[in-house]
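Chains as they are written, first to last, in the UniProt record's numbering: chain A, 1 to 347; chain B, 1 to 254; chain C, 1 to 234; chain D, 1 to 289.
Heads up, a few of these hints could be off.
Calculated pairs, SDA-like style, for lysine to any residue (alpha carbon to alpha carbon, straight line, at most 25 Å) [stated by the list, open to error]:
1) C/104 / D/193
2) A/190 / D/193
3) C/216 / C/180
The set of hints was computed from the structure by calculation and includes no laboratory data.
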Amino acid sequence: MNKSTIALIVLVIGLILLPFIQDSRSILILMTQIFILGVFAMSYNLLLGYTGIISFGHAMFFGIGAYSIGLIMRYYEPTYLYFLFAVVTTLILTAIVSYLVGLLTLRLHSHFFAMFTFAIAGLFLVAAEKWRSLTLGNDGITFKIPDFFKDRVIFYLLSLGLLVLAYLFFRRFTQSPFGKVLQAIRENEKRVESLGYRVFHYKIIANVISGMIAGLAGIFYAVSLRFVNTSVFSTEITLDALMMTIIGGVGTLFGPILGSAIVQFAQYSLMDLAKVHWIFERWVILFGIIYIVVVMFFPSGIVGTVKTWFTRRNKQILGKKKPEGKKSMESSKADAMKNILKGEVDG
Amino acid sequence: MDTIIETINVTKSFDGHEAVSDVSLKVSKNELKSIIGPNGAGKTTLFNLLSGQLKPTAGEVLLSGEHVTSLSPTYRTRKGIGRSFQITNVFPNLTCFENVRLAVQSKEGVYYNMLSHFTSHKKINDLAHEVLSTVLLDSKAEELAKNLAHGEQRKLEIAMLLALDTEVLLLDEPTAGMSIEEVPKILEVIKQIKETQNRTILLIEHKMDMVLDLSDSITVMFNGALLADGKPEEIMANEQVQTAYLGGLYNESS
Amino acid sequence: MSLLKVHNIDTNIDQYHILQGVSFEANQGEVTVLLGRNGAGKTTTLRSIMGLNPVRSGTISFKNKEIQTMATHNIANEGIGYVPEDQRIFSGLTVEENLKVAMKKKDEQTQKRFEYVLVLFPDLKKLLYKKGGYLSGGQKQMLSIARAYVNNCELLLIDEPSKGLAPIIVEKVMESILDMKDKTTVVLVEQNFIMASSIGDKFYILDDGKTVRNGKMRELKEDEALRRQYLGIA
Amino acid sequence: MDAIINITINGLATGMLIFLLAAGLTLIFGLMDVLNFAHGALFLWGAYAGIWVFTQTDSYLLGVFAAVIIGILLGYLLERYIILPVYGNHIRQIMITLGAMLVLGELVKVVWGPNVMIANTPAILSGSWEFSGILIIKYRLFVIFVGLLVFLGLLFLLNRTKLGLVVRAGVMDKEMVQALGINIRKVFLGVFILGAAMAGLAGILLGPYTGVVYAEMGLEFGLLAFIVVIIGGMGSVVGSAVAALLVGILGSFASYYLPDISLAVNMLLMLIVLIFKPSGLMGTKEAVK
């Protein structure tokens, strides 16, 4: 067990204890949102960071999840069985939709794929708005949930559980043979083909997995609000995922979680500051500035930038220690250290 | 001898210009055939047609008597045609080791394994290390491919091809861009494959000494067409080849 | 008199250290040929002179002025014309428009050059209003040379004009380069040795990103061992 | 019959407005390979600044002038300070221009308040003509007229002038243009500013057409323009014009006859085009790998 695993375990234990240490309702809700959107951003990062696909329609999977639970809870009964039914429905629907979208579009160049997914997500949005008899359009629907989920602390812990599971899953997944092929596709698609891999299949599978996990995040999101309206299909949701991923660090496991925390926290505290000075009512400005600053000064995201610092520092240490000539014990130890370090931020 | 790879009248044109025109070529099993010719003669295009990167405008490509003309590179690789690229074509942000391991993984048929950790694939890891040491890159296993020197990337390129362990190896100027000192090592590797394994090798190369030294047979291409095909000594004696490629210099100097 | 002096240049493309000490000189009114195997760095050398792959160290002086840090368009405006590998014709523009892009000034000299290339390449005159994309390989090559020339250049950098062309066309292109020789200095990258040796005055051999040999073309014709060693031809 | 004519005119006018946005976007994309999500902000600022000046001075002409000036000014700042550092990287472009879009969109609220701004039709252009039962609103004709004028001007600029020649050549191969001694950076900036000015113009034209302007329309119209660019084909001005009119007219008919799906029409159109002709109606750039 290496340092990074220990650090993560400590962090998770801390987070489990948090609701018992402090009792601010709003902090709890904020943390829950961070967890849920963190999962959503991680699913997005699988496409953007690990496979090199830019999607502008990720909200559609999030929305499918949110509406599945909302509609089933409202029109059937808020029981555990139906809850489970909603989860299964979400997984099946997102799998089908992501499979079809992938089939149609993954052969296109990046920005065309982006626009295509954007259009399809747009269709979902319009459908949700226009099918008023079912969705009540933009007014949205409120719904009841099984009592168990109503408890804020329990729901907080469940969301945390989802996040941890997703993290472990992605950590495993990206280190697996399959995950490595995805990263190779990101690097050089043609070459992957000539190694005997069916690139298209890999992309579709990545798209499906990403879509299904985004759907799960959508369920949690809707449950946390006990309300769902058309905004879950909006482009802003996709853009949020994009921003969180980029701010945290594209292609790193922990990046999207950190990104989610930063974005949510910034939104929360900036909105709070509105009471202090009117300029903070326009907190979106500061938000936009953050985007610009991140792109200018942290082009590989926060985790990515920190990673580079570490590697550079490590290299310097290495350079000083490394004797000329043959590879010494010491340098191989340093190499190993570097690997651990890589593991620390990479998974 | 058995023919393993064959082209029947393949032609490839780009915007009306025929890069490869009407080439019929037979390569026997376990032979090392070099393809020579001036730049722009269509050698790399021919490779692309064999490995599936390009589809011919006309003609057929056969592997062990089976039509593979319409197959994608993926399937041709699986059927046993592996290639290295003239322009270095590795995965820059993966380590050397990971680069090679991807090739081993493909060869071992581990395609869709999503959840087992790589450390549980000892065989794959071992094989990858083995191949890396064959091309003298084992000390660079954990370096990112983009941080390698140009010559080392060429070696990595060859390592990936070796790791695929295909029946047919297409080597596109394996030593291009390598320093003079590195060339003999790579030659040694190619020789080894030729001697110890049952592999068919197609080689594009400009260094005539190397070509003469290694080849069982030589094919000369000129302006997209096949000019001559035969044993090295036949080719060297062929007058047409001399005027077209070797430059008529023999005539002048003799 | 040397018009272009390249001294010990190093160039990286991304992480790759492509040029590691290339030096050569091109004299006024001569054809200087850069030879070498694939991947030796010939194309990169021309691109470095044009500022398309900026050098990391070393100097490039043109008409005794250092140009290695200048932007590509300024280098071109100093009087260097570039005929890239694969011609890079603007395929959606007509032949005339391709030339017009390069004719920046409306002076007499430009007009003269324009008329000259149409005389030199009668094909182009016939095809003046045809889109560049529809030209044959040879015609594209001619257009590419003509385009660089009408740009009022004193030095032409030509990258492998024979590549992919039929021998008879290659001859035509070579003749036209010979014809231009007294009007403009030429640096030629060429792998077709017959061609290179028939029009070149001086040669430089590049290997592994370094210039390793140079001399009069006549000497190379006689030195079989040298050709074998670096060019892979005997 | 009169309904059809009215709907067509309405669609044409909307199409022209979208075209003004899309033309700049398509050139910027084709020439500079830049995905500019802040293009809608120029439009937004053109609308607000133009209408504000118009209401203050009661001169529509001054309003138009102000809109174009603010477009040029913001275009210059955007290109120099936001886009310049991110050439060649699509993801960073998307992110940073979205950031700029958010900032500029919110700044509109800071300057003019968060509520919608009412835009009156200038007296000379208000009212309508009636021909045998067909009602033609003057302002719509005016918008069509201006759009047409800009379109023709742009075509003239691209096809008949030296600058246009350089721009077209640059879209095909910018490195070669540099090697012929042309400062492509200046050309980029010029094209960007031209696109920005057209976006500003579209903004002020839209005001009296819809009666109100609001801050969210920046992103809204920006995305609409993107859809049009994709449909028309990246880098093609004529393609954008055709696509914009198509989107405008289809949208206008759909909202009359099939109001329920009218919102989806653009998306559907884009999907169909992408499936059957991924490079767009008149696009030249490769869309399929």
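* Does residue 193 of chain D lie within 25 Å of residue 190 of chain A when you go C-alpha to C-alpha? -> 38 Å, violated
* 25 Å Cα cutoff - pair residue 216 of chain C, residue 180 of chain C -> At roughly 20 Å apart (the allowed maximum being 25 Å), residue 180 of chain C and residue 216 of chain C satisfy the hint.
* **Holds or violated: residue 104 of chain C to residue 193 of chain D, with C-alpha atoms at most 25 Å apart** => 23 Å, holds
Hint 2 from the earlier list is the only one contradicted by this structure; the remaining hints agree with it.
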